[in-house]
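Sequence lines, in order, name chains P and H. First residue of the first sequence: 1, per the numbering used here; consecutive thereafter. First residue of the second sequence: 1001, per the numbering used here; consecutive thereafter.
Wrong hints could be hidden among the right ones.
Unchecked claim - Estimated spans, in silico, between C-beta atoms of each pair: (1) Asp1323(H) - Ala373(P): 49 to 59 Å; (2) Pro354(P) - Arg1259(H): 21 to 31 Å; (3) Gln337(P) - Asp1302(H): 45 to 55 Å; (4) Asp1302(H) - Ala292(P): 13 to 23 Å; (5) Trp1183(H) - Ala278(P): 52 to 62 Å; (6) Ser1101(H) - Asp323(P): 36 to 46 Å; (7) Val1131(H) - Glu98(P): 34 to 44 Å; (8) Pro1027(H) - Gly308(P): 54 to 64 Å; (9) Ser1101(H) - Arg321(P): 33 to 43 Å; (10) Phe1272(H) - Arg257(P): 27 to 37 Å; (11) Phe1272(H) - Asp370(P): 31 to 41 Å.
Claimed, not checked - Each computed DMTMM-like pair below joins lysine to aspartate or glutamate, with the alpha-carbon atoms no more than 20 Å apart: (12) Lys165(P) - Asp1026(H); (13) Lys1007(H) - Asp1186(H); (14) Lys165(P) - Asp1060(H); (15) Lys1185(H) - Glu1228(H); (16) Lys165(P) - Asp1047(H); (17) Lys72(P) - Asp281(P); (18) Lys165(P) - Asp1025(H); (19) Lys165(P) - Asp1056(H); (20) Lys165(P) - Glu1052(H); (21) Lys216(P) - Asp168(P); (22) Lys72(P) - Glu325(P); (23) Lys72(P) - Asp330(P); (24) Lys216(P) - Glu286(P); (25) Lys1185(H) - Glu1055(H).
Think of the hints as simulated: they come from the structure by calculation, not from any bench. Model, not experiment: these values are computed from the prediction. Ideal Cβ placement from N, Cα and C applies to all residues, glycine included.
One letter stands for each residue in the lines below.
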Amino acid sequence: MTVMEQRGAYRPTPPPAWQPRTDPAPLLPDALPHRVLGTRAAERVDPDLLRRLYAQLVRGRRYNTQATALTKQGRLAVYPSSTGQEACEVAAALVLEERDWLFPSYRDTLAAVARGLDPVQALTLLRGDWHTGYDPREHRVAPLSTPLATQLPHAVGLAHAARLKGDDVVALALVGDGGTSEGDFHEALNFAAVWQAPVVFLVQNNGFAISVPLAKQTAAPSLAHKAVGYGMPGRLVDGNDAVAVHEVLGEAVARARAGGGPTLVEAVTYRMEAHTNADDDKRYREDAEVEAWRAHDPIALLEQELTGRGLLDEDAVRAVREDAEAMAADLRERMNQDPVLDPADLFAHVYARPTPQLLEQEALLRAELDAEAGRPEDEPEGNAR
Amino acid sequence: MTTVAVKPATMAQALGRALRDAMADDPAVHVMGEDVGTLGGVFRVTDGLAKEFGEDRVTDTPLAEAGILGTAVGMAMYGLRPVVEMQFDAFAYPAFEQLLSHVAKMRNRTRGAMPLPLTVRVPYGGGIGGVEHHSDSSEAYYIATPGLHVVTPATVSDAYGLLRAAIASDDPVVFLEPKRLYWSKDAWNPEEPQAVEPIGRAVVRRTGRSATLITYGPSVPVCLEAAEAARAEGWDLEVVDLRSLVPFDDETVAASVRRTGRAVVVHESGGFGGPGGEIAARVTERCFHHLEAPVLRVAGFDIPYPPPMLERHHLPGVDRILDAVARLQWEAQSR
């Protein structure tokens, strides 16, 4: 028999046939985004929750407009607004317990603020006086992540570590539609599912990655569908329906807490402002599209429900607005003060102890600053000795 | 006291022992990476750890370097002390974004509130006949990244001591393990109480008065061999083993060069943009008036790492080192 003939005759003993581990059907998202407001289900929602969400949404919108105003006054270097996405930001903060962790991206300062972080500290990165303006452990809010999706594996690792230690802690990680194209998104979801880590991924699909629409980002039926490939449930929710987002995230958090593993939630929403104050969205989208989304504003949707059920009178609305104004006035006043800068900070936190080389460089900078201030010069401390 | 003949341990075994002792001392220490559990790592450094400490602390991860390091960041944020194994130097590149943007910066960006005590072990360098992507000298990337400590042992004893120090460090440490020294042995005795070597101190491996060879990791034994061979030429060479590239021990290096007046930097990494340029500059800045000749470099060529059958031409060897020593302007000087 020739080799060629042998080839066809060779019959290896196959290993046991590979079997899919789970039926993917239960993991698949609903065809349409889950909604509560404007449906019969809304009637059963706790009025207190509706009022809390409403107060936070109004406050959140005011925070967004104030922060954008601060960019025009030169008090913020840049601000990526979450106007239109407040329902996602607020619900993400409210579904978590004190001991849980939030992993925000740069557009999620509002979620951090809704979780209790001082707005001035949340905005430090965007003012530019330091990178992270808060101790992440204080409110269990990770540093705002600018490299997209890189915070997702951190959330998985932290949740995994908490579970290994026997702590009842859930991590909620925020990412945008553009971020789902990053490799870290894939790796984070895969690790989370393999480890059954108590983590929830919330994708705020706001339609654009700066200028690039979702159609150029993915060919998936929905971003929530991506969950199925990792073996975790995917949920699709109306991201402007604060009650629905709160409900879906709440279920995902409860599932994670109970040892059920991770969930991917896609909230369909819309970025009402440009990417940042430095962006010009007229170059890539029509005004009409933005206008169409105004009819689906998260605050208006919730207001309709509250007023329709007689849960919100004029006094209540006034109180909510006054609270939001007070927050904005305080933020404005504090941001109008120049931050205190200490150049020594540049060298203080690179390592636990500065290296000899950094000590030399710090001395060099100090000498420059002394000369600038007209202080008497010490012996010059050059680099070369 | 009885004297028992102790079977000498290899560097790989010493590294494994360091991991084991660190895990026994501190329940926060976790080992994670590709094949580190059941298999014990492709170089067997983690052999036996999964059996002793369980899969929760010695974890076979999915095959994804960014995910391994990224999740380790989260674990360190929660108070664990992860020790990550990158299987080979060139396979660590997918993890660079996590390393550069988060591992190296987390302490700084949080003004010291969130240090990341994690160790990234990277087998590096050539000389083992590895095929493409298995022999890179990637240290230049790491030392160019502020916020990382970069450490590399050249002896079995340092492998133990430096790895213990790296794991105990509250700063992230890139721990570069010279692959071709994994099976090397020296007088290190695993039965004796172990010393933890402080990070940031170079050591003079061989004293001499003619010239200083400044080197680290896989090139240290080569330089020691060159120093022995140089005796026949009448040169008495000093060999400085840096051990730590960051922090850099200017003091020990400069003291040696001031004594000898001549220096050659030796490493496998390419010369252009490699550590040798920085080292030569630092030596020149500090020792200019003591130098009898320009500081020379013997480095790998500025080429992608060659296929195994050609790697001997690329790696700095004894002859190339001695040729460099010969070029240190001896004409008017006595050796």
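Structure-based check of all given hints:
Checking the proposed 49 to 59 Å range against Asp1323(H) and Ala373(P) shows it holds: the Cβ atoms sit about 53 Å from each other. Pro354(P) and Arg1259(H) have their C-beta atoms about 28 Å apart, which keeps the hinted 21 to 31 Å range intact. Our hint of 45 to 55 Å for Gln337(P) and Asp1302(H) holds, since their Cβ atoms are close to 53 Å apart. The beta-carbon spacing between Asp1302(H) and Ala292(P), approximately 58 Å, falls outside the hinted interval of 13 to 23 Å.
Checked against the hint of 52 to 62 Å, the C-beta distance between Trp1183(H) and Ala278(P) comes to roughly 56 Å, which is consistent with it. In this structure, Ser1101(H) and Asp323(P) meet the distance hint of 36 to 46 Å, their C-beta atoms being roughly 37 Å apart. About 53 Å separates the C-beta atoms of Val1131(H) and Glu98(P), a value inconsistent with the hinted range of 34 to 44 Å. In this structure the supplied range 54 to 64 Å holds for Pro1027(H) paired with Gly308(P), their Cβ-Cβ distance being about 56 Å.
A C-beta distance of roughly 40 Å is found between Ser1101(H) and Arg321(P), which places it inside the suggested range of 33 to 43 Å. Distance hint check for Phe1272(H) and Arg257(P): the Cβ-Cβ separation is about 54 Å, which falls outside the suggested range of 27 to 37 Å. In this structure, Phe1272(H) and Asp370(P) meet the distance hint of 31 to 41 Å, their C-beta atoms being roughly 38 Å apart. The straight-line distance between the Cα atoms of Lys165(P) and Asp1026(H) is roughly 14 Å, inside the 20 Å bound, and the hint therefore holds.
Annotation: proposed proximity of Lys1007(H) to Asp1186(H) holds, straight-line Cα distance about 10 Å (limit 20 Å). Straight-line distance between C-alpha atoms of Lys165(P) and Asp1060(H) comes to about 19 Å, which keeps the hinted pair within the 20 Å bound. For the suggested pair Lys1185(H) and Glu1228(H), the alpha carbons sit about 19 Å apart, so the restraint of at most 20 Å is met. Between Lys165(P) and Asp1047(H) the CA atoms are separated by roughly 24 Å; this puts the pair beyond 20 Å, and the hint is violated.
At roughly 17 Å between alpha-carbon atoms, Lys72(P) and Asp281(P) fall within 20 Å of each other, so this suggested pair holds. The suggested pairing of Lys165(P) with Asp1025(H) holds, with an alpha-carbon distance near 17 Å, which does not exceed 20 Å. Between Lys165(P) and Asp1056(H), the direct Cα distance comes to roughly 10 Å. Compliance with the 20 Å bound is thereby established for this hinted pair. For the hint linking Lys165(P) to Glu1052(H), the alpha-carbon distance of about 18 Å falls within 20 Å, and the restraint holds.
With a C-alpha separation of about 39 Å, the suggested pair Lys216(P) and Asp168(P) falls outside the 20 Å cut-off, and the hint is violated. Proximity of Lys72(P) to Glu325(P) is assessed by CA-CA distance (about 19 Å); at most 20 Å being required, the pair is judged to hold. Using a Cα cut-off of 20 Å, the hinted pair Lys72(P) and Asp330(P) holds, with the two alpha carbons roughly 18 Å apart. Taking the CA atoms of Lys216(P) and Glu286(P), the gap is near 17 Å; set against the 20 Å cutoff, the hint holds.
Note on Lys1185(H) and Glu1055(H): the hinted pairing is violated, with a Cα-Cα distance of about 30 Å set against a maximum of 20 Å.
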